[in-house]
Structures are given as C-alpha cells and as structure tokens.
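With the hints as a guide, dock the two chains, each given alone in a separate frame, to form the complex.
So the sequence lines, in the order shown, correspond to chains A and B. For the first sequence, this note's numbering begins at 1 and goes up steadily by one. For the second sequence, this note's numbering begins at 1 and goes up steadily by one.
In case anyone wonders, no lab produced these hints; they're calculated from the structure. Some hints could be false.
To be verified - Beta-carbon label-pair distances, calculated as ranges:
hint, chain 1, residue 1, chain 2, residue 2, range
1, A, W110, B, S18, 44 to 50 Å
2, A, R59, B, N73, 34 to 40 Å
3, A, Q76, B, Q17, 46 to 52 Å
4, B, G40, A, G58, 25 to 31 Å
To be verified - Some chain A residues well away from chain B (every beta-carbon gap over 10 Å; in silico):
hint, residue
5, I17
6, T23
7, T26
8, D68
9, Y70
10, L74
11, Q79
12, F87
As the list claims (entries may be wrong) - Negatives, chain A to chain B, calculated, CB over 10 Å:
hint, residue
13, P7
14, V18
15, T108
16, W110
From a predicted model like this one, the values you see are computed outputs, not experimental measurements. Glycine is no exception: its CB is placed at the ideal position from the N, C-alpha and C atoms.
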Amino acid sequence: GQSLEQPSEVTAVEGAIVQINCTYQTSGFYGLSWYQQHDGGAPTFLSYNALDGLEETGRFSSFLSRSDSYGYLLLQELQMKDSASYFCAENRGSTLGRLYFGRGTQLTVWP
Amino acid sequence: NAGVTQTPKFRVLKTGQSMTLLCAQDMNHEYMYWYRQDPGMGLRLIHYSVGEGTTAKGEVPDGYNVSRLKKQNFLLGLESAAPSQTSVYFCASSYSKSGGNQPQHFGDGTRLSIL
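Excised from the complex, chain B in its bound form (with noise of 0.2 Å):
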C-alpha cells in the first residue's frame, strides 16, 4: 500500500540551485496537487494536475514548474532557489474532483531548506 509517495523527503539547497521534487501514486488518480506548508499557514496550493498531460496554476505558482508527463507522476521544479521556498512540500492525489467520496490523499511530505 505505497499511494502517495515524495522523493527526496529532505533535501538543503543554497540560493540559486535548481532541483526537482517527485511525486509518485499508484492508485490511478486522476488529479494530482503540489502544496506547501509554512507555519502558520495552513497549507497553500502550488499548482495542479487534472490527468495527464494537464497542469494549471494554484494559489502560490511563482517560482515553481510542474509536469504530468505520466498519469502516475508529478514532478515539482524550483528553477532558482530562493530562501522563501524553505517550507514543506506536500504532494496529494484524488481520484477525480476533491469532495464528497473523492479525498486527496497525500504523502509523507519533503522538508526542503534553502540557505
């Protein structure tokens, strides 16, 4: 029963290096989301996926690249690294549209620091 999975979980970058954050779900969701998590902030949508292919604009998509070139995956890109990107990374599946009998379900989450 993997669902949701991130790698890496934890990773330290310095200001202006690039990386690839990447999220993998074996429960043939549809839709998938990238989200971050600041303190006291509750949790923010970066961006979305809704099936492969498609992707779309959260909340807080600047600074940030994604792809959905497979349906099971869900890459996030930080181009240049900027200490305001230190946070928690969570990636998130649902089946279809959230609500009702479709819950996101998500992963464990990548702790992510930007020096």
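Bound-form chain A, shown alone (with noise of 0.2 Å):
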C-alpha cells in the first residue's frame, strides 16, 4: 500500500523557498525519488537519493536521512511555473524495479 506520506498542500509566494516533506515506512527500502507533475499531465523526474544527504539540481535539491525514514524536496527561488503536483517515489529492493508513490503535495506558488 501506499506507506509514504507527504503534506497534501503547500503554499508559497514568488521568490520563497519552499520544502516538502515525505516519510516512509518500510524494512526493503532502496531509494527515494521525485516526480512533477502540471495540471494531471505526465509525471516527470526531478531527483533521486539511495545514499543520505543532499542532492542538488538547479533551483531543486533532495535530501535523504535513511536512519529517519525521511526525506525532503526544496525548491528555491520559487516561480509561478512551478505551480504542480509533487510526488515522493519509494524503490523497494534492488531488482524488481518498481516505484511506490505517495498521494502528492499540491503545491501554489503565488504572485
């Protein structure tokens, strides 16, 4: 089942720095990603984390803290394009090679 969770809304003003939260639960776990997704069109890749620490990609970095079951999205100098669904994805064992998703964070970046 879906095990993961993630807040199920945020909101943020142009320019913030916003961070979105994603806890597992699980003995086989292998990895965490993450997916966008615009207006329920088709989800794309933003980062993984299989090790702790901090992942950075542009203006997105990831984070991971496998002793806490936890991990974190940030997004910096929010803009209005980033207006989307955010989803926390968990790799469970190293050969079957599926994705657990969580139910998403609705995230408004306003004006």
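If you want it as structure tokens, here you go:
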C-alpha cells in the first residue's frame, strides 16, 4: 500500500523557498525519487537519493536521511511555473524496479 | 522525440464493455509500467513488465490484463469495464530498474470514463 506520507498542500510566494517532506515506512527501502506533475499531465522525474545527504539540481534539491526514514524536496527561488503536484516515490528492493508513490503535494505559488 | 506514446487519449465506455489501451516507447527501454491515478490517491501500479514476454502484478491488478509481445509495446486490457475503473491511466518506461540514473518516463495519460 501507500505507506509514504507527504503533505497534501503547500503554498508559497514567488521568490520564496519551500520544503516538501516525505516519510516512509519500509524495511526494504532502496531509494527515494521525486516527480513533478503539472495539471494532471505526464509526471516528470526530478531527483533521486539512495544515500544520505543532499542532491542538488539547479533550483531543486533533495535530501535523504535513512536513519530517520525521511526525505524532502527543497525548491528555491520559486516561480509561478513551479505550481504543480510533487510526488515522492520509494524504490523497494534492488531487482524489481518498482516505484511506490505517495499521494502527492499540491504546491501553489502566488505572485 | 516521441518518448512514451499512449493511445487513445480519451475514451468513454459503458459498463461491461472491453477495451485495450496501447503504450509504445521508442527508447529501447526494458521496463514498462501501467499506473492508474485517482484524485487524492497518487499513482498506483497496476501491472509491469521487466522485458519482452514478461509481465507481473502490481498493487491493484484486479480487473486488468497486460501483454508485452514486443519490447516497445505494452498493452493494458479491461475485459469487462466497471465504473470503479474510471481513472487516468499512465504508462511509463525505464531503461532498467527504476532509481538512480534510470528514472521512469511517462506518457501523457489516457482519461477513461466508465458509465
């Protein structure tokens, strides 16, 4: 089932920084991915963490703490176009290639 | 740059009808997946395939069947459609197991309504 927990909604203003948290509960954890989805369109891959620490990709960063079963997506210098749904997704096991998605966080960026 | 292509984009069915959703990818990916997305539920895996000729069940496989006769195509079938299958269906593919440098690439979705 969906054992990942993330907030359902987050709001922020342009230029601000926002953090979207994701907690997971599984003994077979392998890695955590983040996907973005605009207006119900095709989800697109943002980042992935398999090891503890911060991964930075431009304005977006993702963090993982395996000991806390917790990760977050950090969005800096927010722009209107960042308004979208953001999903954390868990890899379980090193062979199956499956992803388990959270329910998503709707981010609204205000001018 | 076609990527992952899903057909049809929209469809309305009556309860009990059957149909097949087609997914095609041109990236030579080994893994392919079918998800459904319902409001507030995120993406749930229906079936997936780790290579040509193989299929496996995901989280919500009941009422669906799949086939992967060719590496580039992954078909999702509804034998007897039910209103509970009203959803948006996404197909995805990845080069190998997901994670790290092997993200999943998604199609634009098929919006299916069962009356």
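(request) Please flag the earlier hints that this structure goes against, numbers listed from lowest up. (result) Number 12 only.
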